[in-house]
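Participant: Work out the full structure: start from the sequences and follow the hints.
Line by line, the protein sequences give chains A and B. Note that the first sequence covers residues 3 to 255 in our numbering. Note that the second sequence covers residues 92 to 362 in our numbering.
To be clear, the hints were calculated from the coordinates, so they are not data collected in a lab. Hints are not guaranteed to be accurate.
According to the in silico footprint, chain A covers these stretches of chain B (three or more CB under 8 angstroms from chain A) [stated by the list, open to error]:
1. 222–235
2. 336–344
Straight-line Cα separation of at most 30 angstroms, DSS-like style, residue types lysine-lysine; simulated pairs [claimed, not checked]:
3. LYS112(A) to LYS234(B)
4. LYS27(A) to LYS148(A)
5. LYS234(B) to LYS27(A)
6. LYS27(A) to LYS112(A)
7. LYS148(A) to LYS168(B)
8. LYS18(A) to LYS112(A)
9. LYS39(A) to LYS112(A)
10. LYS18(A) to LYS168(B)
11. LYS39(A) to LYS18(A)
As the structure is a computational prediction, the values presented were derived from the model and not from experiment. Using N, Cα and C, we set each Cβ at its ideal position, and we do this for glycine too.
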Amino acid sequence: MTVAIPSESLLLAARKVDFHIGGRKILDQVSLEVHAKEIVTLVGPNGAGKTTLLKVLLGIHSAPATSVWRKPRLRLGYVPQNIPIDSIMPLTVSRFLQLGMHRESVTTIKDSLELTGVAHLFDAPVHGLSGGEFKRMVLARAMLGKPDMLVLDEPVQGVDYSGELELYQLIGTLRDRFGWGVLLVSHDLHIVMGATDRVVCLNHHVCCTGKPGHVSNHPEFRELFGDPVVRSLALYHHHHHGCDANGGHGTQT
Amino acid sequence: MADFMLWSWLAGLGVAGVSGPLGCFVVWRRMAYFGDTMAHGALLGVAMGLMLHTNLTMGVMVVSSVIALVLLLLQRKQTLSGDTLLGILSHGTLSLGLVVLGFMSQVRIDLMGYLFGDILAVSVADVIGITVGGSLVLLILTKLWNPLLLMTIHEDLARAEGYPVDRIHLIFMLLIAMVIAMTMKIVGVLLVTSMLIIPAAAARNLVRSPETMAVAAALIGMVSVTLGLAASFYLDTPSGPSIVVAALITFLLSLSIPPMMGRHRTLFAKR
Chain A
3 MTVAIPSESL LLAARKVDFH IGGRKILDQV SLEVHAKEIV TLVGPNGAGK TTLLKVLLGI
63 HSAPATSVWR KPRLRLGYVP QNIPIDSIMP LTVSRFLQLG MHRESVTTIK DSLELTGVAH
123 LFDAPVHGLS GGEFKRMVLA RAMLGKPDML VLDEPVQGVD YSGELELYQL IGTLRDRFGW
183 GVLLVSHDLH IVMGATDRVV CLNHHVCCTG KPGHVSNHPE FRELFGDPVV RSLALYHHHH
243 HGCDANGGHG TQT
Chain B
92 MADFMLWSWL AGLGVAGVSG PLGCFVVWRR MAYFGDTMAH GALLGVAMGL MLHTNLTMGV
152 MVVSSVIALV LLLLQRKQTL SGDTLLGILS HGTLSLGLVV LGFMSQVRID LMGYLFGDIL
212 AVSVADVIGI TVGGSLVLLI LTKLWNPLLL MTIHEDLARA EGYPVDRIHL IFMLLIAMVI
272 AMTMKIVGVL LVTSMLIIPA AAARNLVRSP ETMAVAAALI GMVSVTLGLA ASFYLDTPSG
332 PSIVVAALIT FLLSLSIPPM MGRHRTLFAK R
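Facilitator: Following this line, the structure appears as structure tokens:
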């Protein structure tokens, strides 16, 4: 590899990833780094290649070995965008957590569900869960593997507005506690901008990257998302800073 | 009771014990029509077997597996929708099988037996074959159970966690081909899929976990075989269809049982 020796905290890096599907270029020279204890959010319009990039990073899509670097023995927890479970599949929350290679004790499973706030659903069938409960269950399963890093694709999709805030807060709290690196995809700019350390704006190529405030002022970002959205973000940020200045009693969003 | 009834019954129980658990995956993975297509192709396998004077079971397994592979490859191309492809291959191979059999006027063939099963012609050798083959299928299925379940629920999740998804998928197809070859003898190519699907569907309302569903499906299949054969013996009805009717009745009865998964009418609930 031609890359400099990665720093100690680096967990995962993409180096100029190109990816084609059916002759169409989905990813164009995409580079990205995720370090321990940081939340990196991937934003971009529909069809920008966000999910494709995640799949390349997770090894679901194969890319040249030189273009994706992972810390040796990196444990990844994956929370996919959508897990449609047919009602003909009988499955309880606790059984869902044990899917795959995890062979965990009841206590470990309960603990994990406790951390995501859905321990009371231990024995519930998965089909009756709300969007938020379902996401928390999937998150609890991802945590069972004691990951170094979490990858979440649209973690708040199908969750109501107040649930969205809570879910992002939960991810933030757990990150603080376990020191995960977190890579998440979102197109909900308002919430993301407050709850993330670094934003990467993707539209087949990386348009811009940096702190949320920096990215939202970037011309290419403005062009992608349109002025009304950007203006509303600016308003939001203004509000956010205002809260902080007033003693920070406004909840971090 | 006559000896031949005992062999038929044992063969039926063996087949039901395997097709129940495997059928759960067919139902979970929404592969009912896929299984049907592989089963229809089995008749072509019989014809090939007769033509080449080889073992018919082998012929059926080979042709069903080839059809499964062709389907997988064609589906990847995605120029035609999945069910159109299935329809073409399903009826195409069935007709091809019938035409090839039609050419072999010198061989005396019990066509009805192949189409709807002739369980009363089961021999001791068949029972041994089903026992050995069935045990093998169940053994492999048990080994693959967890990854297969995970990739049934979310294939990318299984890939991200490092399972060889494509290889497991292929093995699963071969297992279905084996079960079709075994079940054909009992209920015939046209009804094979019913033994995979109906007991599994009937089991759904009685259980809370994938594992118990597999066991329940096996037991329901066994009960259906027993009832169907009894009807066939005492009422002189055709054995294969009688077994399927018995399975159908257990399915209908299962609908009247309140589902164990709580608030949901499981089978006809919206996704």
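Participant: Work down the list of hints and note, for each, if the structure agrees.
Facilitator: Structure-based check of all given hints:
1. 222–235: violated (count 0)
2. 336–344: violated (count 0)
3. LYS112(A) to LYS234(B): holds, 27 angstroms
4. LYS27(A) to LYS148(A): violated, 35 angstroms
5. LYS234(B) to LYS27(A): violated, 39 angstroms
6. LYS27(A) to LYS112(A): violated, 44 angstroms
7. LYS148(A) to LYS168(B): violated, 38 angstroms
8. LYS18(A) to LYS112(A): Answer violated: LYS18(A) to LYS112(A) is near 41 angstroms, above 30 angstroms.
9. LYS39(A) to LYS112(A): holds, 25 angstroms
10. LYS18(A) to LYS168(B): holds, 28 angstroms
11. LYS39(A) to LYS18(A): With Cα atoms ~24 angstroms apart, LYS39(A) and LYS18(A) stay inside 30 angstroms; holds.
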